[in-house]
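Chemist: Sequence:
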Amino acid sequence: MSRAFVSEGNSVPQVFASAESAESAANLQRAMDGKDYDYEVRPRQRGGYMVARLSKDGTFDSWVEE
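Just so you know, this note's numbering puts 217 at position 12 of the sequence shown, and the rest follows in order with no gaps.
Read the hints as simulated data drawn from the structure, not as lab findings. Among the hints, erroneous ones may be present.
Here are the in silico distance ranges between beta carbons for each label pair [claimed, not checked]:
| id | residue 1 | residue 2 | range |
| --- | --- | --- | --- |
| 1 | S216 | D241 | 14 to 22 Å |
| 2 | E225 | R251 | 17 to 25 Å |
| 3 | D262 | A222 | 26 to 34 Å |
| 4 | R235 | E271 | 17 to 25 Å |
Note that CB positions come from ideal geometry on N, CA and C, so glycine has one too.
Using the sequences provided together with the hints, build the complete structure.
Modeler: Next up, the structure:
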């Protein structure tokens with residue numbers, strides 16, 4: 206299993222260079238556990254994009270990690 210999908214003690218949120226690559230990662234996450242969570246691509250203030258994992262009620266849960 207890829208480190209992007211396993212929460213490890215020293216993991217950091219994954220930053221994507223383009224919205225398209227972040228959306229691709231979000232789609233992969235949806236395929237894996239979209240039954241329990243929603244995923245949303247969000248731009249970073251310092252450039253790049255991150256994928257937010259949201260509870261089904263829309264509240265923020267965590268960032269997709271490396």
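Chemist: State for each hint whether it applies.
Modeler: For each hint, the structure was consulted:
1. S216 - D241: 14 to 22 Å: At roughly 19 Å between Cβ atoms, D241 and S216 fall inside 14 to 22 Å, so the hint holds.
2. E225 - R251: 17 to 25 Å: 19 Å, holds
3. D262 - A222: 26 to 34 Å: With Cβ atoms ~31 Å apart, the hint holds.
4. R235 - E271: 17 to 25 Å: 19 Å, holds
Going through the hint list in order, the structure satisfies each hint without exception.
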